[in-house]
Each structure stands twice: as structure tokens, then as C-alpha cells.
Amino acid sequence: METGSAASVPPASADSGPVWRFLITPRWVGWHVLMVVACWGMLWLGDWQLHRALSGNSLSWAYTFEWPLFAGFAVVFWAKTIRDEFRIRRGGEVVQHGAAGDDGLGLPAGVGTVQVQAPADDADDEELARYNRYLARLHEEVKGTHGKRHGFR
Amino acid sequence: MHAAVLRYRVMAYVTGVVLIVLCFVGIPLQIAGHPAVANIVGVVHGILYIVYLVVAYQLARKLALTIGQTLVLLLAGTVPVMTFIVERWATRRFINPALAAAPAAETVRR
Numbered sequence: 001m002e003t004g005s006a007a008s009v010p011p012a013s014a015d016s017g018p019v020w021r022f023l024i025t026p027r028w029v030g031w032h033v034l035m036v037v038a039c040w041g042m043l044w045l046g047d048w049q050l051h052r053a054l055s056g057n058s059l060s061w062a063y064t065f066e067w068p069l070f071a072g073f074a075v076v077f078w079a080k081t082i083r084d085e086f087r088i089r090r091g092g093e094v095v096q097h098g099a100a101g102d103d104g105l106g107l108p109a110g111v112g113t114v115q116v117q118a119p120a121d122d123a124d125d126e127e128l129a130r131y132n133r134y135l136a137r138l139h140e141e142v143k144g145t146h147g148k149r150h151g152f153r
Numbered sequence: 001m002h003a004a005v006l007r008y009r010v011m012a013y014v015t016g017v018v019l020i021v022l023c024f025v026g027i028p029l030q031i032a033g034h035p036a037v038a039n040i041v042g043v044v045h046g047i048l049y050i051v052y053l054v055v056a057y058q059l060a061r062k063l064a065l066t067i068g069q070t071l072v073l074l075l076a077g078t079v080p081v082m083t084f085i086v087e088r089w090a091t092r093r094f095i096n097p098a099l100a101a102a103p104a105a106e107t108v109r110r
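Taken in sequence, the protein lines are chains W and H.
So the first sequence is numbered by my numbering: it starts at 1 and just counts up by one.
So the second sequence is numbered by my numbering: it starts at 1 and just counts up by one.
Since the hints were made in silico from the structure, they are not lab data.
Check before you lean on any hint, since a few could be wrong.
[Unchecked claim] Beta-carbon label-pair distances, calculated as ranges:
| # | chain 1 | residue 1 | chain 2 | residue 2 | range |
| --- | --- | --- | --- | --- | --- |
| 1 | H | 34 | W | 26 | 45 to 55 Å |
| 2 | W | 124 | H | 68 | 50 to 60 Å |
| 3 | H | 50 | W | 129 | 28 to 38 Å |
| 4 | W | 55 | H | 29 | 20 to 30 Å |
| 5 | H | 31 | W | 43 | 22 to 32 Å |
| 6 | H | 32 | W | 143 | 56 to 66 Å |
[Unchecked claim] Which bits of chain H does chain W cover? Going by a derived footprint, with three or more residues having C-beta under 8 Å, they are:
| # | segment |
| --- | --- |
| 7 | 39-46 |
| 8 | 83-92 |
[Stated by the list, open to error] Just so you have them, the derived chain H footprint on chain W, three or more residues with Cβ under 8 Å:
| # | segment |
| --- | --- |
| 9 | 72-86 |
| 10 | 126-138 |
Where is the CB? At the ideal position from N, CA and C, for every residue including glycine.
Only chain H is shown next, with the shape it has when bound in the complex:
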């Protein structure tokens, strides 16, 4: 559980930062006639987003989210700044309660 949360958090922040660079640095430069940054960062974000999808979906299953909540979590990786907002939302609403309940459940399992 902790590992899944950590994986998700790392990917959420990395993907989020790269997407912000893409949108607020790459795109303006592209409009100004220097497309190189947007091209490279765009492809990097595409690859990172694939990893983010897998990691976020695994977490969503562990937290037993509904379909709608899962979709919000997955699509957050495509909207600038959204990953950070959704990460905080997920932490407050699902991750913290699950982690608070997890130690008890793990003891039962052993």
C-alpha cells in the first residue's frame, strides 16, 4: 500500500512538472518559432504519462475507487496543474483513510 502510494506520488509530481514545462515554456517557445523544446518535452510527457497511467490505476484499484474517481485520477495527468490538485484531493479523501485503516488489516492477514 505504501509502495503504491509512493509510486503514484512520484509519477504525479514528475508528470505534473513536465506538463507545466511543456505548456508554459514549450508552447510559448513554439509559438515564438522555436519548436524544439515543445517537441522533446512533449514526447517525454507522453512516455511519462504511460507510466503514470499504470501506477495511478494500480493505486485506484487498491483504494477501491469508483469508475468516475478512477477516471479523474487518470486524466489528471493530461491537464496542467491538475495532477497536484488531484493528488491532494486523493490524499485527503482516500489515501490517508486507507493508510489509517491499513495497519489493522495487515495484522489480521499475518
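If we strip away everything but chain W, and leave its shape as in the complex, we get:
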């Protein structure tokens, strides 16, 4: 997050050692420990339900599979969270609005797309005007066919 605001400065990957260092800060180590304990607990509960199931409690079969699944979820979520954090710290954008593809390329600051403040004076550019008309037509077509679904995204 800290690097996100510094748009004009190169990504702060070099100023405080390797990027992965954040993983061994006390805060993150605390999360790691919590994760391990939680996973161990969930697997233990699954094992307990397995024993109950084997001793005749047929309802326990559902939970026998559910607890390990939760433990698996925890691991997957954990991995994704760490990956996101790496991305943020490497100076990429926060993964937002589902636009995962165009973020995290590791491009240096200044390279990429920038919204212009005011459009350039291109009134005499016939080719550009044609292209803009083409885009407008496409936009109208898309609005016509997918209008309803568009509102929901």
C-alpha cells in the first residue's frame, strides 16, 4: 500500500532489502502461526469426526470431509493473500475490480497507461475521427445487445 501513492517514484523494492522480508515481520509471523494452528485444529477436528463416523455416527461423514476441506481453503486463501501482498509491495496495483491481468506486470513507474487530463487537439485528424466513430458504433451495438447485463457488473 505504501508504494501505491508514490506514482512518480520507482517502485520501492530496492530500498529495504528483498521484497519477501515482510513475511518475517512479527505481524506476519503471528499470522503464520495462527494459520498453522488453525489448520492443525481443523485437521484434528476432521480426524475426530472420522473416528465418530467409523464408530457408527453416520452424520459425521459429512464433517469428516468438510473439515479437511476447510483446512485446504485456509491454505489456498493464505497463499493467495501472500501473493497479493507481494504484488502490492513490488509496486503493482492492488488487485481490484477483477482486473488481475493488467496489474502486477512489474512495469517501472511511468510505463503503462495514464489518463490524460485534456484531450489533445486532433480536430483535423480524419483517421482518428473515423476510428472514434467506429468505437462509438461498437459501443452502441454492445449497449443494445448486452445492456441489461452491463448494469450488473
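With chain W's structure known, arrange chain H on it following the hints.
Chain H alone, transformed into the frame defined by chain W:
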């Protein structure tokens, strides 16, 4: 973004209602000696909660929540009535600001 919010809301309410039924109808009946309701509703909640976890985590990532906030969102599905409270909290604190900012961001992307 809208779709993720909608998915989360639907699952939050469905999971929340089923959990309330489980705790305030199923458990008393079980104590009274009729375990059938608690058994069935318990398994149903277990399955719904799996879906809730996935949906809530996806939303948490889109909103770029911190780990603590994400955990609150995920664990809300296990505490009776908590899903509703957390849903309101998330809406006021994260979803509404994100939706207010989203149209601008989407235009930039196109």
C-alpha cells in the same frame, strides 16, 4: 464488482438464516429429543458455508481488505446473527465506497 457484491450478499443472508434456524430451532429440538432438524440443517449449513467462504473471500480480495478484516468477514458465517451485522458493516465501510469509486475506474480501463 457488482456481481461479487451480489453473490456475497445472497450467501450472507442465506447462510445467516439457515444458521439462525439451526441454533434457535434445531438445537432446542435436539435438546428436547428430536435431533432430526438439527442434523439436516447442520449439514445444509456446512455446505452453504463452504460456498459462503469462497464468495466472501473473492469479495474481500476485490475490496483489498486487510487480513483481519477478511477473517471477520469469513468467520461471520459461523456465528448466529453475525452475518447480518458484518454484512452491514462491510457495506457501509467498504462496499459503498468501492462502488462509488468503481465507475470511474471502469471507464479508465475501457
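These are the hints, each one checked on the structure:
A C-beta distance of roughly 50 Å is found between residue 34 of chain H and residue 26 of chain W, which places it inside the suggested range of 45 to 55 Å. Remark: the range hint 50 to 60 Å for residue 124 of chain W to residue 68 of chain H is upheld by a beta-carbon distance near 56 Å. Separation of residue 50 of chain H from residue 129 of chain W is about 54 Å and departs from the stated range, judged on CB atoms against 28 to 38 Å. A beta carbon spacing of about 24 Å between residue 55 of chain W and residue 29 of chain H agrees with the range 20 to 30 Å that was offered as a hint.
Under the hint 22 to 32 Å, the C-beta atoms of residue 31 of chain H and residue 43 of chain W, about 30 Å apart, fit the expected range. For the pair residue 32 of chain H and residue 143 of chain W, the beta carbons lie near 59 Å from each other, so the given range of 56 to 66 Å is met. Here's how the segment 39-46 of chain H fares: 4 of its residues keep a CB closer than 8 Å to some CB of chain W, so the rule of at least three is met and the hint holds. For the segment 83-92 of chain H, the proposed coverage by chain W is not satisfied: 0 residues have a C-beta within less than 8 Å of a C-beta in that chain, short of the threshold of three.
With a threshold of 8 Å between beta carbons, the proposed coverage of the segment 72-86 of chain W by chain H holds, since 5 of its residues qualify and at least three are required. Restraint check on the segment 126-138 of chain W versus chain H: 0 residues with Cβ-Cβ distances below 8 Å, three needed, restraint violated.
The structure fails hints 3, 8, 10 (numbered hints given earlier, in ascending order).
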